[in-house]
Structures are given as structure tokens and as C-alpha cells.
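*Asks:* Each protein sequence line maps, in turn, to chains A and B.
Number 291 in my numbering belongs to position 186 of the first sequence; there are no gaps in the numbering.
Number 456 in my numbering belongs to position 189 of the second sequence; there are no gaps in the numbering.
Note that these hints are calculated values from the structure, not bench results.
The model shown is predicted, which means the values in this text are computed figures rather than measured ones.
Keep in mind that the hints are not guaranteed to be accurate.
What the hints assert, rightly or not - Here chain A is said to cover these stretches of chain B; the calculated rule only asks that three of the stretch's residues, wherever they fall, bring their Cβ under 8 Å from a Cβ of chain A:
| # | stretch |
| --- | --- |
| 1 | 349-359 |
| 2 | 371-384 |
| 3 | 511-525 |
| 4 | 544-550 |
| 5 | 557-570 |
What the hints assert, rightly or not - Footprint (simulated), chain B over chain A, 3 or more residues, beta carbon under 8 Å:
| # | stretch |
| --- | --- |
| 6 | 223-237 |
| 7 | 240-254 |
| 8 | 289-300 |
| 9 | 409-420 |
Using N, Cα and C, we set each Cβ at its ideal position, and we do this for glycine too.
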Amino acid sequence: MSRDNTIDVPLGAHPDRLGGLSEGDKTDHFVAPFEHGISFDELPDAPPKARFRFSLTGWIGAIIVAFWLFIAVFGSFIAPYGENDLPFPDDYSEFQTPRAGALLGTDVEDRDILSRIIYGAGRTIGISFAATLLAYVLGVVLGIGAAVSGPKVDMAMSRINDAFLSLPTIMLGLVVVAAIGSSIPVLICTAGLIYATVVFRLARALGQEIMVMDFVEAAKARGEGRWWIITREIWPNAAMPLITDFGLRLIYVILFISSLSFLGLGVQPPQADWGSMVRENLGALQYGESIIPVLAPAMAIATLTVAINLVVDDVSAQAGGRLSKRL
Amino acid sequence: MTGLILRRLGIGLVTVLAVSLIIFFGTKILPGDAAQIRLGQEATPENVAALREKLGLDKPYWAQYLIWLKNFMTGNLGISLASDVPITNLIADRYKNTVIVSCLTALIGVPISLMLGIMAAMFPGSLYDRVLTFVSVSLVAAPEFFTATLLVLLFVFALDIGNAVVVGSTDGKGFFELIAHFALPIATLSFVIASQLIRMSRAAVLNVMSSPYIEMAILKGVPRRRIIFRHALLNAIGPIVNVVALNLAYLVTGVIVVEVYFAYPGLATLIVQGVQSRDFVLIQGLGMIFCLTYVVLMLIADIAAFASNPRLRHPK
Numbered sequence: 106m107s108r109d110n111t112i113d114v115p116l117g118a119h120p121d122r123l124g125g126l127s128e129g130d131k132t133d134h135f136v137a138p139f140e141h142g143i144s145f146d147e148l149p150d151a152p153p154k155a156r157f158r159f160s161l162t163g164w165i166g167a168i169i170v171a172f173w174l175f176i177a178v179f180g181s182f183i184a185p186y187g188e189n190d191l192p193f194p195d196d197y198s199e200f201q202t203p204r205a206g207a208l209l210g211t212d213v214e215d216r217d218i219l220s221r222i223i224y225g226a227g228r229t230i231g232i233s234f235a236a237t238l239l240a241y242v243l244g245v246v247l248g249i250g251a252a253v254s255g256p257k258v259d260m261a262m263s264r265i266n267d268a269f270l271s272l273p274t275i276m277l278g279l280v281v282v283a284a285i286g287s288s289i290p291v292l293i294c295t296a297g298l299i300y301a302t303v304v305f306r307l308a309r310a311l312g313q314e315i316m317v318m319d320f321v322e323a324a325k326a327r328g329e330g331r332w333w334i335i336t337r338e339i340w341p342n343a344a345m346p347l348i349t350d351f352g353l354r355l356i357y358v359i360l361f362i363s364s365l366s367f368l369g370l371g372v373q374p375p376q377a378d379w380g381s382m383v384r385e386n387l388g389a390l391q392y393g394e395s396i397i398p399v400l401a402p403a404m405a406i407a408t409l410t411v412a413i414n415l416v417v418d419d420v421s422a423q424a425g426g427r428l429s430k431r432l
Numbered sequence: 268m269t270g271l272i273l274r275r276l277g278i279g280l281v282t283v284l285a286v287s288l289i290i291f292f293g294t295k296i297l298p299g300d301a302a303q304i305r306l307g308q309e310a311t312p313e314n315v316a317a318l319r320e321k322l323g324l325d326k327p328y329w330a331q332y333l334i335w336l337k338n339f340m341t342g343n344l345g346i347s348l349a350s351d352v353p354i355t356n357l358i359a360d361r362y363k364n365t366v367i368v369s370c371l372t373a374l375i376g377v378p379i380s381l382m383l384g385i386m387a388a389m390f391p392g393s394l395y396d397r398v399l400t401f402v403s404v405s406l407v408a409a410p411e412f413f414t415a416t417l418l419v420l421l422f423v424f425a426l427d428i429g430n431a432v433v434v435g436s437t438d439g440k441g442f443f444e445l446i447a448h449f450a451l452p453i454a455t456l457s458f459v460i461a462s463q464l465i466r467m468s469r470a471a472v473l474n475v476m477s478s479p480y481i482e483m484a485i486l487k488g489v490p491r492r493r494i495i496f497r498h499a500l501l502n503a504i505g506p507i508v509n510v511v512a513l514n515l516a517y518l519v520t521g522v523i524v525v526e527v528y529f530a531y532p533g534l535a536t537l538i539v540q541g542v543q544s545r546d547f548v549l550i551q552g553l554g555m556i557f558c559l560t561y562v563v564l565m566l567i568a569d570i571a572a573f574a575s576n577p578r579l580r581h582p583k
């Protein structure tokens with residue numbers, strides 16, 4: 106298991122103790138609402154409503170994520186310059202310090218760093234989101250498919266998946282980029298396929314766990330079709346852990362894409378992307394000129410991924426923290 | 268027990284074969300062939316055909332694969348397409364930096380993080396624990412180059428110690444000189460693995476701490492320190508060794524980014540160059556080395572996990 110494949114354990118309490126029974130769950134009998142006008146929720150022993158509340162750190166995370174999403178969507182309207190415009194066309198010195206007209210200074214090719222970060226937001230977040238979505242579509246369909254198929258199909262699919270899982274993600278990325286070159290569709294498909302392996306494992310484990318539950322047995326005994334069982338019995342029960350995991354996977358995909366771009370093998374210049382901005386401007390550090398051209402894009406990635414992590418931590422703690430136990 | 272280990276080793280071997288297939292055929296879909304690339308555009312078709320025969324490129328793919336695998340196992344990694352030099356020579360100049368940085372990170376980063384993690388588990392909920400958890404939750408999601416930039420900001424720009432680039436040769440340097448030489452790369456990688464190690468070792472100890480026999484010890488009035496070191500830690504060793512091996516495997520990835528960031532020659536920068544120049548003989552050889560290291564460490568993690576658990580060692 107690499108760093109990429111771990112599921113966050115909400116710390117601070119033993120997993121068994123999270124997700125325990127709450128007060129309302131403790132009755133083991135069910136009182137039917139005989140009288141009209143009383144809904145199930147109003148009964149004294151109804152389970153507590155699933156109401157979601159962020160903690161303070163969750164709020165901070167959510168606000169930062171919302172901020173970056175806003176920038177990603179409306180970036181081209183708020184950026185002071187174009188992606189490759191020069192704020193000071195007559196000034197040829199590299200890495201100018203922040204000043205009026207270029208609030209974060211300029212980069213190795215005299216472009217405005219703030220504008221490039223704003224444009225990079227859309228690209229970095231867009232590529233990562235598309236890749237994670239692809240990973241989920243593939244992973245969930247194949248994973249739940251493997252869980253409901255016979256043992257032979259399941260075995261074959263899992264073994265192939267394990268072989269890919271046992272490779273460092275960055276190596277797989279390097280081999281693909283070496284073979285077919287790097288472009289945005291290639292990046293999305295590569296990251297999507299690589300992370301589909303992790304989603305496959307989670308979806309299969311969840312599917313198998315739910316497959317043996319009584320209500321699925323009952324549906325089978327009723328003679329329901331496979332599709333009905335997947336959509337009506339398995340999916341509603343697997344959705345919550347998968348959605349929490351989506352956030353985590355998004356973090357790892359952002360880090361993966363940024364690392365590839367940082368190595369010069371991801372998004373290609375002159376397009377702005379946070380990872381490639383770090384690489385382009387490394388010279389600023391190496392000649393000891395300024396740290397902002399490197400710090401700013403690195404900080405952009407870090408604030409986004411850490412904020413997503415804060416939200417995910419909060420959600421999975423409230424969802425009962427059982428996610429970790431399922432793997 | 269031996270049966271289980273043998274089975275794991277068998278699975279490991281199958282994984283390695285699968286990995287070699289992925290790497291070999293993954294790079295085979297590359298357009299162009301090795302003979303043409305090495306001889307250049309002006310080469311006559313006869314020359315290309317002759318070299319193809321010499322390199323075995325006229326044979327079917329599966330035969331090429333078997334030859335490549337045999338060569339790899341006997342230490343013959345082929346000749347680089349980009350520079351016409353045997354891959355083994357390219358590696359010989361560079362492997363030291365990669366190995367030194369990884370080993371020093373393991374030697375320094377692992378014990379410190381484990382200590383911090385176990386201390387956090389000793390005082391759960393304390394200010395120390397909460398600060399440490401918050402810092403590690405934040406760092407675990409941040410990219411390596413962010414950590415590296417913060418370190419450069421602190422040491423190079425604020426304190427004016429050292430360089431943002433690793434320069435000079437490691438020849439003849441002693442242990443402490445080497446640490447000083449690679450201080451920033453080692454510190455960066457240590458922070459990255461520490462964020463995982465602290466969280467997971469803390470969780471491993473706390474997990475054991477909530478088992479009934481510890482509760483029994485607490486009720487007996489055994490001092491907290493003694494409970495942790497004599498009762499809890501021994502049972503947490505398995506999961507901790509597992510976590511350590513997993514994180515060392517992670518170094519395989521981290522070291523690539525760090526070598527590029529601090530601009531010193533190593534195996535990782537070599538493979539990135541290989542990808543840029545589409546030198547797939549180099550990618551095959553180095554890719555196999557990286558993946559093998561990774562698979563072996565994962566295998567150790569796996570074996571450690573059940574070797575330390577008597578219930579798994581002696582199945583009923």
C-alpha cells in the first residue's frame with residue numbers, strides 16, 4: 106500500500122467507538138405508526154435525523170475549497186492579465202518582486218504569477234476532477250461488477266488489479282507518458298486508469314460486504330435481476346463511503362498530476378498549471394533571487410489539498426468512521 | 268508459518284513477473300524501433316536490419332520479452348538509445364546519491380517519527396497530541412515540493428544556511444558530512460514520511476490501548492509508562508513494522524520529486540531524462556529496478572504484519 110492507497114483513519118477515537126449506536130438506536134423493537142398524521146420521524150424511538158454539521162476545521166476547509174472552485178470556474182474573468190501576457194513588456198529582468206501591476210511578481214518569462222495561478226486553478230482542478238470522475242466510473246462499475254459476478258471472474262479481475270496496484274503510481278505515469286507523450290486527455294486517462302485500481306478494490310470490498318447481507322439475500326430470493334440488485338440494494342448502501350473516498354482520491358490525483366507536471370511530464374508549457382509553475386521557476390530559488398515564484402503555486406496546491414483533507418476528515422468522522430474498517 | 272511466508276513469496280514472484288510484463292509491453296507500444304533510433308535517420312535499411320537482428324528485434328515479442336527478462340536478471344540492462352552507453356554504466360555513476368538519501372532518510376526520519384507518534388499515543392487528547400495531529404494531517408496532503416519550498420524558505424532565505432541546490436561530490440565524505448551534504452532532501456523526505464508514520468503509529472498504539480487486557484492492566488493500577496512500553500508496544504510492533512515498510516516503499520516515489528527539486532544527479536532524474544528523450548531501454552531497466560524495490564518492501568510489510576501476530580502465525 107503506498108501513500109496513495111491509504112484511507113484516512115479519523116483519529117482521536119478508536120474506530121470501534123465511532124459509529125457506535127446512538128441513543129435513539131438502542132430500542133430493538135419497532136413501533137409502527139398506527140395513527141394517521143404521525144410520521145415515522147416523530148416517534149419517540151425514531152433514529153436521529155442524519156443532520157450534518159461541519160466542525161471549525163471542516164468549515165475552514167470547505168471555505169477554502171469553495172474559494173478555489175470559484176477561481177477555477179471564473180478565473181478567466183478575474184485574472185488581471187492573460188495566461189502568457191507580460192505585465193511589464195519593456196522590463197527584461199527575471200523574477201521581479203511583487204509590485205503594483207503584478208501583485209505576486211513575475212516569473213522566469215516575465216509573466217504575471219497571480220494571473221498564471223488563477224488560470225492554473227481551472228486547469229489543475231479541472232484535469233484532476235475529470236480524472237477522479239473517470240477513476241470512479243471505471244472503478245465502481247468494474248468493482249461492483251466483480252462483486253456480483255461469479256468467483257472466477259472476480260478472481261481474474263482482482264489479480265489483474267493487484268498487479269497494477271503493486272506498482273508505484275508515478276512509475277506507471279512515466280511509462281505511459283514515455284510511450285504516448287503528454288497531453289491533457291492523456292493525463293486525464295492515465296490518472297483515471299491508475300486510480301481506478303484503488304476505487305475498484307474499495308467498491309469490490311463494499312459490494313461483497315453488502316452482497317451477503319440479509320436484504321440482498323431476500324431480493325435474490327424474490328428473484329430480482331442483477332441490475333435491480335446493484336442499483337436498488339447495493340448502490341444506496343455503498344454510496345456514502347464511496348463519496349467520502351472520492352474526496353481523498355481527488356487529493357491524490359491532484360498530487361499525482363502536479364508531480365508529473367513538476368517533473369516536466371504533465372501539462373506542457375506555455376499552459377499554466379500549478380505543478381509546472383513550480384518547475385519553471387525553480388531557478389528563482391537556485392539563484393537565490395526570490396521564493397515567491399515557487400512558493401505561490403506550491404502553496405496553491407497545498408491549500409487546496411489540505412482543505413479537501415479537512416473536509417473529508419470531518420465528513421468521514423461524522424459518517425461513523427467505518428470507512429477505514431472496510432478495507 | 269513457513270508455508271504462509273512461502274505463499275507470500277510466491278505471490279511476490281508472480282507480481283514481479285506481472286510488473287515486468289507491464290513495463291516491457293507498456294514501452295513496446297512506443298512508435299519507432301530501437302535500431303532505427305540508435306542509427307539515426309540517415310542509416311541504410313540494410314544497417315538497420317542488421318542491427319535489428321543483432322538486438323533480437325526481428326524475433327516475436329514474447330521471445331524478445333524472455334531475452335530481456337533473462338538479461339535483466341543477469342545484470343545486463345542493455346544499451347541506452349539516447350547516449351549509446353550501457354545502462355549499467357549510467358546507473359553506476361548515479362545510484363549512490365539515490366541510495367544514500369533514501370537510507371539516511373530511513374535512518375533519521377523513521378525513529379524520530381515513531382517516537383513522536385508513540386508519545387502522542389501516550390497522551391491522547393493533550394495539546395501536544397492535537398498540535399502534532401493537526402500538523403501531520405496538513406502535511407500528509409501537501410505535495411513534496413511544498414514541504415521542500417518551506418524548508419528552503421526557512422533555511423536558505425530566512426536563516427541563510429546552505430543552498431537550494433545540492434552541489435558537489437559525495438566522494439570521501441563521512442556519515443555526518445553526508446547528512447550535511449543532503450540535509451534539505453533528507454529533511455523534505457523525512458517530513459513527508461513522518462506525517463504518515465506519526466498518524467499510523469499513533470493509531471496502532473491507540474488501537475492496542477483500547478483492548479481489554481490493557482483495560483485490565485489499568486484497573487490493576489499499572490503505571491501508564493509501563494503499560495505503554497511493556498504491554499501495548501509489543502503488540503503494536505507488527506502494525507508499526509508494516510507501516511514503516513509501506514512508507515519506505517513510498518520513498519521510491521518521493522525521491523524522484525526531491526532529486527529534481529534539489530537538482531542533483533540520481534537514478535530518479537535519470538529515468539525522467541529517459542522519458543523526455545523516449546529512451547525506452549533505459550525506462551525498462553530503471554523502471555524494473557524501482558518497481559522491484561517497491562514490490563520487495565511491500566512484501567516485507569506484508570510478512571511483518573502476520574509474522575508478528577501469533578494468531579496468524581498459528582492458524583487453527
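*Asks:* With reference to the structure, classify each hint as holding or not holding.
*Replies:* Here is what the structure says about each hint:
no., hint, verdict
1, 349-359, "violated (count 0)"
2, 371-384, "violated (count 0)"
3, 511-525, "holds (count 8)"
4, 544-550, "holds (count 3)"
5, 557-570, "holds (count 6)"
6, 223-237, "violated (count 0)"
7, 240-254, "violated (count 0)"
8, 289-300, "violated (count 0)"
9, 409-420, "holds (count 6)"
Hints 1, 2, 6, 7, 8 from the list above are not met by this structure, while the remaining hints are.
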